[in-house]
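Construct the complete structure from the given sequences, taking the supplied hints into account.
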Amino acid sequence: MKAWTSIAASTAVLVCLGALPAHALDAGQSVPDIDLPGATVAPRLAALKGKVVYVDFWASWCGPCRQSFPWMNDMQQKYGAQGLQIVAVNVDAKRADADQFLTEVPARFALAFDPKGDVAKRVGVKAMPTALVVGADGRIVRVHQGFREQDRAELEALLVAALSSAKAQP
Amino acid sequence: MKRLALVACAVVLALLAGCSLFKPPQPWEKGQLARPEMTMSADPLDERFGQHIYSSKESASGGYGVGGGGCGCN
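Line order of the protein sequences matches chains X and B. Residue numbering for the first sequence follows my numbering, beginning at 1 and increasing consecutively. Residue numbering for the second sequence follows my numbering, beginning at 171 and increasing consecutively.
Worth flagging that the hints you see were computed from the coordinates, not collected in a lab.
Capping the alpha-carbon separation at 25 Å, the derived lysine-lysine pairs in BS3-like fashion look like this:
| # | chain 1 | residue 1 | chain 2 | residue 2 |
| --- | --- | --- | --- | --- |
| 1 | X | Lys51 | X | Lys121 |
| 2 | X | Lys167 | X | Lys49 |
| 3 | X | Lys78 | X | Lys51 |
| 4 | X | Lys116 | X | Lys126 |
| 5 | B | Lys193 | X | Lys121 |
| 6 | X | Lys78 | X | Lys49 |
| 7 | X | Lys78 | X | Lys167 |
| 8 | B | Lys193 | X | Lys126 |
| 9 | B | Lys193 | X | Lys94 |
| 10 | B | Lys193 | X | Lys116 |
| 11 | X | Lys94 | X | Lys126 |
Predicted model only: the values in this text are computed from it and were never measured.
Spelled out as structure tokens, the structure:
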């Protein structure tokens, strides 16, 4: 009888623990080698080491994501030659939604597709869109949530700073 | 009687733990919730006026659908 109760109690505790969310990544940490499913530029993040990488999590139903695309196009065009790589990870459950979005808002940077949200879970995405700015040394410079027009200048300055510090220590 | 109480306790614990299995959708899973049909109001402009009045009176905003993309920061 006693054993049965303790089994039930420990099962309950285990179930509670299992329901806890995964720990989110934060600035200053070194980035784990996350998968970039379907990305033409690199299959995993580690393959992009030495570049400043801007990993953006987006979905077709997310308004601010739509605003961020022209900005990301600009940044890729402006700083691509200096070693910036933008990878936008789509988290739409249906690929057709993403494709429809991409015909309306063209993307001139790398794309990856994560329909099950495995990568988003690993990173601990708390808002849509979420962007990781990863320095050339593989450390996370910033985890940026959301995208507003007034964020443009700040984020660009962040990318420029990351690029110049990457140049300083090759 | 004591036995019965213990069993009841265990059952209640298990039931409570069961509730924790129903997790709210993650930020990247809000595709369905972000659809226009999921908002309470039919007219976006009307909704916007309403929300403007609400946020100026309550000095708080949000909690209405996922208009900003479920971002909580727009």
